[in-house]
Amino acid sequence: MPFDEPTLNDVPLPLPCPDTTSSSHPTGLPPGDSPLSAIDSGDESEEEDDIPFDVLYGNARTGLEEGGLRSMECNDGGGAAAKKSKKAERTGATHLIHGGAMQGRKTADKMYHSADFGDTVTRRQVATWYFLATDPIAVRIAAYFEVFWPRFYAKYRQAFDAGVWVREDRGPFLGRVMVYKLQVSLHQDRGDFGPTVTFNAGCFEGGEYYFPDLHAKLRYAPGDIVIALSGILYHSVAEWRPAPVPESWVRRNLTPGRISHVFFFPKKSFLTLENKPKLWALRTAGGKCPDAQWFRTVV
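The sequence shown maps to residues 1 to 299 in the UniProt record's numbering.
Calculated directly from the structure, the hints in this document are not laboratory data. Do not rely on the hints blindly, as some may be mistaken.
Calculated pairs, DSS-like style, for lysine-lysine (alpha carbon to alpha carbon, straight line, at most 30 Å) [said to hold, decoys possible]:
#1 K217 x K288
#2 K267 x K288
#3 K267 x K110
#4 K110 x K278
#5 K155 x K267
#6 K288 x K268
#7 K217 x K267
#8 K278 x K155
Let the sequences and hints guide you as you build the complete structure.
Structure follows, in structure tokens:
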């Protein structure tokens, strides 16, 4: 029997489609009532909002990132006999890329998912959980992307459907990065294909977005979304400073700082996946094995 197309039955939100007159979606996904139907429709309860909240503000880091410790001095209490001790908080970047070229290779003919996906059982479990927990957010970002960049959306969708590894992610971006409490200096993401979507979370001051090529400085507060050609334009984030967090965050063990989420598509991966059939990466182990579909049809 043939492989099923990617589905996620446990999450009811469909990826919206701007063409509401057509009975079928050109990308194979179910249409919504409007391009932003996933945003505008439905009653969102407080409990539902809590699901992506913790992920946005860093709780997913516990299972995904083991390195990068920032030391801080603190007072443990104890009156006059109080002693100073060092506490540490994880900082760094977690890369969740369904498939890409090995380091130093010019092409991604044989694709490998990033190590943060699953070099341990715990990371594999938490990576899958992360995609489920952030699905409402990813659907909204995909809706914005489809509305403002429809041609790139169609290209990303086809390539993502071919390269998806963890099917709980509905795309269309093959890679995500969580930048956890790091300053971001001037750079250019030359390995990215097409537009990249980024947004902030956390509690901080400063952190404006700079595009020196455009002589532009943009507000980049928590919740703001930037869609830009980051592989072409140099960009940076102004120095940010931690701000006090609300008491409700303290009860969740959430600390001050800036967490950035990046949705992108690696250029080498796109060139490999372009015009490939759906689930190609799963069926061929990223191009390293014969197509498993052949064995299923023979049997």
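(Q) Would the hint linking K288 and K268 be met if the CA-CA limit is 30 Å? (A) 16 Å, holds
Q. Given the hinted pair K110 and K278, is their alpha-carbon gap at most 30 Å?
A. 16 Å, holds
Q) Holds or violated: K278 with K155, Cα cutoff 30 Å? A) 13 Å, holds
**Q.** 30 Å limit on alpha-carbon distance, applied to hinted pair K267 and K288
**A.** 19 Å, holds
Q: Would you mind confirming whether the straight-line C-alpha gap from K217 to K267 stays at or under 30 Å?
A: 27 Å, holds
Q) Between K155 and K267, does the CA-CA distance stay at or below 30 Å? A) 12 Å, holds
Q.
K267 and K110 were given as a pair; does the straight-line alpha-carbon distance stay at or below 30 Å?
A. 14 Å, holds
**Q.** Restraint check for K217 with K288, where alpha carbons must lie at most 30 Å apart
**A.** 45 Å, violated
The structure shown violates just one earlier hint, number 1.
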